[in-house]
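Respectively, the protein sequence lines represent chains A and B. Take the first sequence: its letter number 72 is residue 81 in our numbering, and every next letter is one higher. Take the second sequence: its letter number 64 is residue 184 in our numbering, and every next letter is one higher.
Mimicking SDA-like on lysine to any residue, the simulated pairs with C-alpha atoms at most 25 Å apart in a straight line are:
no., chain 1, residue 1, chain 2, residue 2
1, A, K115, B, R230
2, A, K51, B, S122
3, B, K129, A, Q54
4, A, K115, B, T222
5, A, K51, B, N179
Residues from chain A shown here face chain B by an in silico Cβ test under 7 Å; the list is partial:
no., residue
6, P53
7, F110
8, S112
These are computed hints drawn from the structure, not numbers from a lab. The C-beta atom is built at its ideal place from N, Cα and C for all residues, glycine as well.
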Amino acid sequence: GENVEQHPSTLSVQEGDSAVIKCTYSDSASNYFPWYKQELGKRPQLIIDIRSNVGEKKDQRIAVTLNKTAKHFSLHITETQPEDSAVYFCAAGYNFNKFYFGSGTKLNVKP
Amino acid sequence: DSGVTQTPKHLITATGQRVTLRCSPRSGDLSVYWYQQSLDQGLQFLIQYYNGEERAKGNILERFSAQQFPDLHSELNLSSLELGDSALYFCASSTQAGAGETQYFGPGTRLLVL
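Here chain A stands alone, though its shape is the one from the complex (with noise of 0.2 Å):
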């Protein structure tokens, strides 16, 4: 089956700081990599997801990048703000099979 990990377990930046946060997975079959925010109390919700046949996506502060020789993928935030404060996790999978997810990093922005 596929591992997911994720680092670092917490990271704490600056606002206007950018913040990194990287996955690797084991399963070189694996071909959806999203990332979700889950803010304390709420529900996950998608931010960003990218598949095996691109390398990069973008979406305003938010970007996501998979090498998938190395079997790894991260999320960059750019000029993050205080409400980007919240715990992040990455997941890995493909198609008929069970997604797997990171064990989560917890991200604070301090003013």
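Model the placement of chain B on the given structure of chain A, informed by the hints.
Showing chain B alone in chain A's frame:
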């Protein structure tokens, strides 16, 4: 609002009891997933249903079971409850069954076992 609904929002029960959690997927979604999130823990996949049939199974205990009905809503049954079953239970839905489908999460049911 993702369009996925879950009831109840909160549930308090005692050890040894049985509870049923309910999930209604987004309109048009055929696939439902159940996840468990314990305190300060990540999401643990439990089980997936697609158009009424079980599609994939994760780390679901034998005391837990689920089903998806013809109207596509799903129920997660938890029996012989233990203190460690206290957690937030999310369901999610997607259009099709593949892992490449975007999953939309419901607001969760918070279960407290005393």
